[in-house]
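> Sequence order for the protein chains is A and B.
Here our numbering is used: the first residue of the first sequence is 1, the next is one more, and so on.
Here our numbering is used: the first residue of the second sequence is 1, the next is one more, and so on.
Bear in mind the hints are in silico, worked out from the structure with no lab data behind them.
Every residue, glycine too, gets a C-beta built ideally from N, C-alpha and C.
Worth double-checking, as some hints may not be accurate.
[Claimed, not checked] Cut-off 20 Å, straight-line C-alpha distance, at most; resulting in silico cross-link-like pairs (EDC-like, lysine to aspartate or glutamate):
hint: 1; chain 1: A; residue 1: 180; chain 2: B; residue 2: 8
hint: 2; chain 1: B; residue 1: 91; chain 2: A; residue 2: 177
hint: 3; chain 1: A; residue 1: 180; chain 2: B; residue 2: 60
hint: 4; chain 1: A; residue 1: 91; chain 2: A; residue 2: 106
hint: 5; chain 1: A; residue 1: 89; chain 2: B; residue 2: 100
hint: 6; chain 1: A; residue 1: 91; chain 2: B; residue 2: 94
hint: 7; chain 1: B; residue 1: 91; chain 2: A; residue 2: 82
hint: 8; chain 1: B; residue 1: 91; chain 2: A; residue 2: 182
hint: 9; chain 1: A; residue 1: 78; chain 2: B; residue 2: 94
hint: 10; chain 1: A; residue 1: 86; chain 2: B; residue 2: 94
[Unchecked claim] Below, a sample of chain B positions facing chain A; criterion: calculated Cβ distance under 10 Å:
hint: 11; residue: 8
hint: 12; residue: 12
hint: 13; residue: 25
hint: 14; residue: 33
hint: 15; residue: 62
hint: 16; residue: 69
hint: 17; residue: 92
hint: 18; residue: 93
hint: 19; residue: 98
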Amino acid sequence: MEIAFYIAGTVAVAATWMVITRHNPVHALLYLNVSLLAHAMLFYLLGASFAALLEIIIYAGAIMVLFIFVVMLLNLGKETAEQERKWLKPKVWVGPTVLAAILFAEFLALVLSSGQGAYSPAVVSPRELATALYREYLIGVELAAMLLMAAVVGAAHIGRHKKLVLHRFLQEEKEKEEEKHEEAVL
Amino acid sequence: MKTAVSVEVVVLLAGLLFALGIVGVIIRKNIIFMLLSVEIMLNASGLAFVAAGSRWGQPDGQVMFVFILAMAAAEVSIGLALILQIYHQHKSLDIDNLKEMNG
């Protein structure tokens, strides 16, 4: 089954490359979804079927829906794509890409010189995973629960629209300021 | 299902995906794309964890992946709420407009 692994890996890298080079946010999101599905395939081939399941359900299902909702709320479309096209000039991306490529080359050399050789991945069943998760890592699970709780409360707090009630003089001032700001943006 | 690939190939794949995520974070100016690239990097590290877990036949790698997943969900919800606020205040997703934060 090596060939399946290589195909899935190629798809993952190609889709990820498309994500970071697209101009339209929705296209990037769809490519990211493909990349996540390829990751799920890789996990499955590595004997981690439960991780593959979680990848599809939570990442490709839930987190991507969040992103799509935000793109929909912000109404990002053709203008954003135009703006991105303007921003993404070669002189902007060549430097960082070369530097990241150098780091990756170093990593490549280090890993290739380690000489671990081929192995046949062990299949870790969901039962083993659950046992480890709720026995040795129980404190981690509880911390993750607290993290998620904090994230939900924080997101609700940050995402709230503050209703500003201003005196009419201040209101006029604010409008003037906003006009100025818009001109500055344009 | 099992596959017989060398450890290096899996780790290299994870490293390549991570490097792509870094490139994405650095070259994009739109904050949504930066958040997407951070997701890519989290995924790549998850792949490395799962590969290591399957190398030694231990469930710990997948446990770590579950934690990464929970962390990514929290990070995305906060990050997207912040993006919505930024857009409402600045009418733009350009990170260069956020200089005034001086943080």
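> Are the hints correct? Go through all of them and say.
Here's how the hints hold up against the structure:
Straight-line distance between C-alpha atoms of residue 180 of chain A and residue 8 of chain B comes to about 56 Å, which puts the hinted pair past the 20 Å bound. At roughly 14 Å between alpha-carbon atoms, residue 91 of chain B and residue 177 of chain A fall within 20 Å of each other, so this suggested pair holds. Distance restraint check for residue 180 of chain A and residue 60 of chain B: the Cα-Cα separation of roughly 56 Å exceeds the 20 Å cut-off, and the hinted pair is therefore not satisfied. At most 20 Å may separate the alpha-carbon atoms for a hinted pair to count; residue 91 of chain A and residue 106 of chain A exceed this at roughly 24 Å.
Our distance criterion of 20 Å between C-alpha atoms is broken by residue 89 of chain A and residue 100 of chain B, whose separation comes to about 25 Å. Between residue 91 of chain A and residue 94 of chain B the CA atoms are separated by roughly 18 Å; this keeps the pair inside 20 Å, and the hint holds. Our distance criterion of 20 Å between C-alpha atoms is met by residue 91 of chain B and residue 82 of chain A, whose separation comes to about 16 Å. Proximity of residue 91 of chain B to residue 182 of chain A is assessed by CA-CA distance (about 9 Å); at most 20 Å being required, the pair is judged to hold.
A hinted pair counts as satisfied when its Cα atoms are at most 20 Å apart, and residue 78 of chain A with residue 94 of chain B qualifies at roughly 16 Å. A threshold of 20 Å between alpha carbons decides the hint, and for residue 86 of chain A with residue 94 of chain B the separation of about 12 Å falls inside it, so the pair holds. A distance limit of 10 Å between C-beta atoms decides the matter here; for residue 8 of chain B the minimum to chain A is near 5 Å, and the interface restraint holds. Taking 10 Å as the C-beta contact cut-off toward chain A, the hint placing residue 12 of chain B at the interface holds, the least distance being around 6 Å.
Residue-level restraint check for residue 25 of chain B holds (minimum Cβ-Cβ distance to chain A is 9 Å; threshold 10 Å). Given hint, residue 33 of chain B at the interface with chain A, holds; its Cβ is 6 Å from that chain's nearest Cβ, closer than 10 Å. Interface hint at residue 62 of chain B: satisfied, since its Cβ lies 5 Å from the closest Cβ of chain A, which is below the 10 Å cut-off. Interface restraint check: residue 69 of chain B against chain A, minimum CB-CB distance 5 Å, threshold 10 Å, status holds.
Annotation: residue 92 of chain B was flagged as interfacial toward chain A, and the flag holds, the nearest CB pair being 6 Å apart, inside 10 Å. Of the supplied interface hints, the one on residue 93 of chain B holds, with its beta-carbon coming within about 7 Å of a beta-carbon of chain A, less than 10 Å. At about 13 Å, the closest approach between the beta carbon of residue 98 of chain B and any beta carbon in chain A exceeds 10 Å, and the interface hint on this residue is violated.
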